[in-house]
Amino acid sequence: MIRITGGKVFDPANNLHGVIRDVCIQNGKIVDDLPSRGRTLDATGLVIFPGGVDAHTHVAGSSLNFARGLLPEHLRNAHPIIRDQICRAGWKSLTPTTFATGYVYAGMGWTTVNEAAVAALSARHTHEELRDTPMVDKTFCILMANNEILLDLLQAGEPERARHLLAWYIRATQAYGVKAVNPGGVVAWKAGRAGKDAQTLHQPVPGYHRVTPGHIVAALARFCDELHLPHPVHLHCNDLGAPGNVATTLETIRLLEGHRAHLAHLQFHAYGGSDWESFCSGSTRIAEVFNASPNLTADVGLVLFGPAVTISADSPWQHLLHQLTGKKWGNIDVENETGCGIVPYVYKEKNLVNAVQWAVGLELLLLIDDPWRIALTTDHPNGAPFWRYPEIIRLLMDRDFRQEQIARIPDPIRRRMILPDLDRVYTLSEIAIIQSAGPARILGLKQKGHLGRGADADLVLYEEEPDAQRMFAYPRYVLKGGEIVLEEGELRRSVDGQTTASRPQYDVGIEKELAPRFSRRYAMAWENYPIVSDQLPGLQIQDCG
Amino acid sequence: MLTLTLQVPLTVPLEAEVLSPDRLIGLTIPQIQQLPLRHGNRTVHLSDYFTVEGEPGDTLALHGDLSRVKWIGQGMTQGTMQIHGSAGMHLGSGMSGGTITVQGNAADWTGAEMSGGLIRVAGNAGHRLGAAYTGSPAGMRGGTIVVHGTTGDETGWQMQRGTILLNGTAGDFTGARMKGGTIVLTSGAGKRTGAGMERGTLISLTTVKRLPTFLYACAYLPQFLGLYARFCTTHGVHLPHRAGQYRRYAGDAAVSGKGELLIWEPELV
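The listed protein sequences correspond, in order, to chains A and B.
Residues in the first sequence are numbered consecutively from 1, following the numbering used here.
Residues in the second sequence are numbered consecutively from 1001, following the numbering used here.
Heads up, some of the hints might be wrong.
To be verified - Derived pair list, reagent style SDA-like, types lysine to any residue, alpha-carbon separation capped at 25 Å:
id, chain 1, residue 1, chain 2, residue 2
1, B, Lys1179, A, Gly326
2, A, Lys92, B, Ala1138
3, A, Lys327, B, Phe1231
4, A, Lys328, B, Thr1134
5, A, Lys328, B, Gly1026
6, A, Lys327, B, Pro1137
7, A, Lys327, B, Gly1180
8, A, Lys328, B, Ala1138
9, A, Lys328, B, Asp1058
Claimed, not checked - Here are some, though not all, of the chain B residues that point toward chain A, as calculated from beta-carbon distances under 8 Å:
id, residue
10, Thr1051
11, Tyr1133
12, Gly1135
13, Ser1136
Note that these hints are calculated values from the structure, not bench results.
For each residue, glycine too, the CB sits at the ideal point set by N, CA and C.
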């Protein structure tokens, strides 16, 4: 039981924009009022936000773990977290260790994360890893757009059964949502078929005579709607990173036919030009269509200059990146399900492509009118590690600082972007939306991202100051589930977060038919594949519909 | 000159990256005595293990059996350090300038990823001399290492630039995955010399066992060797460059094949 008094509350979901009022917490939830006795926390002069929600990050699962193993050299310059009464040991590196991930997120005021890409086959391990990621609540999406069993059903013209299959996978893995990565492209590349990647959205995926990437996108978007999943299909479009991929992204949006979709790391899909020489920003065209399409949400996937680790299930692109940069490359082939590639990368401001990427992320945040539909992310650790979010907030809130940064970019590159002409600055309310309220709504997490009655008491208290980067990097207090976990910049206690899964309905009859398909496709036995929720103590369930 | 003498025989290693002229310049003796070292999982003071005498400056002499003292001269950029005894692992790792002289033996990872300066070892050196740490793209990036005794395995692993001069025998995988730089082997090396080397030069004054992916090119006397021999002489290594020829083998053809292995043949004219 705790009453926080005197703070300036930013709770955009409940239309509170900097109103001074008390926030009362009982049993880990926000309540309307409390009896006057009991603990109070004086928040006079502080700003109160709902805890941050990361709509798209990579903090667990087979791919991230592979990256941790592939890149031991990153630990040498990383900040160590020394074991003490509260913390377990770990590293705050580009791919932080499990416990460190939780501490660093909470240290910044983020209390919920969505691991955006988990191979269904590694879901069991992902659950175990997420259990070892404290301080934050978790959800994850499973990779389905290159699942050969699903593609076979689409090829056979059986969308109904494909939908049941999708729901079965979500239940069997205790996942929250569905991720689609380079639909059709990964499966084609893995088979080493002609053309290597999917060619266009309308040509059949190499190896299939009917299914096109366009079909897969449209089908998955429709299935997620029909299954009433809280979060729509989490879509990593085809042609990531390629010059001129705006056309593909716009065509993908058209193919959705009004169904809901979440466009992941939109920045990587908003480039103009026709080759690397003519590479330029394509954000205006994307933003225009996005603003007019209320069925869409997105996270930005912003790039910051400096080292990063690119981790993606888009293995053809990752292989290309390895060939372009000559950096080391790790690849995982996940049986019939998906792929994964890992390449370390350094974004440089004097590099044409990198500088345009940096600008496109900011342009999207500034051009998209409705902050509720675009979430603040860096596609951690692809664009930058998540612990650099405060830098982005400063770039959004401080026009002079932004212009200073733009001035550092060479002239010829600056002409490829529209960022220098954009004057918009974000208000604190809008920051609260893109960092917390918006992503919570995008993910369909009703308990998160607001401070209304019944919400989870996850909140963060900042000291208002002119330097937004400092302000957001060092919160004064962070509360998780009503417990003060950070006070005066120091972790006070470690709490476990909960993992949430969704429960779409499906026809149990599908299982009989799945079993033989499974034994043909998988090394794992059908009986061993599903994770029973009894094995996951504390698993939260969100019903669908 | 500042003299530090190890007083306590060590069983648990001491981690002492403060033992470097860079870290000691400008400090008084009492301040030096208070510098932190790691002993196992405890932090201790320098004076718990060393006596400190003399004038603080850019010359440092270390006495005692330092074979369990790790990270001496780590990241050193200037000055001179004389070790009157043996040194522990990671000696001069990442150093970019200055000179380290060891009168006894040096352990593993000596001069790993160094980019400048000189390390001279009178005795033997351990494994991974001038090598890359796990995961790094490149090992030694510059500077010189001279070892008068034998060296362990994987000498110059992934080295990119710089020179390693070896008077004694080297272990297996010498110059493996080299990307540049030069290693001179006066007394031969173990198995798989130059495995996976992409560029760089291995010069051997005795026959060494060659991998099948090293292809014979020619016998010749490279022009640069006269100059190079003069450089080697200043470090006490004799490199013949008259009355004989070098057989040149290009390799490792398993990768780019742009490296070279030069083997001295005194009989060839």
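Hints versus structure:
1. Lys1179/B / Gly326/A: holds (14 Å)
2. Lys92/A / Ala1138/B: Holds. Lysine 92/A to alanine 1138/B sits at ~24 Å (cutoff 25 Å).
3. Lys327/A / Phe1231/B: Distance of about 35 Å is beyond 25 Å: violated.
4. Lys328/A / Thr1134/B: holds (13 Å)
5. Lys328/A / Gly1026/B: This hinted pair is violated, its Cα atoms lying about 42 Å apart.
6. Lys327/A / Pro1137/B: holds (9 Å)
7. Lys327/A / Gly1180/B: holds (18 Å)
8. Lys328/A / Ala1138/B: holds (12 Å)
9. Lys328/A / Asp1058/B: Since the Cα atoms of lysine 328/A and aspartate 1058/B sit roughly 40 Å apart, the hinted pair is violated (cutoff 25 Å).
10. Thr1051: Hint violated; threonine 1051/B Cβ to chain A Cβ min 31 Å, cut 8 Å.
11. Tyr1133: Since the shortest Cβ distance to chain A is 7 Å, the answer is holds.
12. Gly1135: Because about 4 Å separates glycine 1135/B from the closest Cβ in chain A, which is inside the 8 Å limit, the hint holds.
13. Ser1136: For serine 1136/B, the interface hint holds, since the closest Cβ of chain A sits about 5 Å away, which is under 8 Å.
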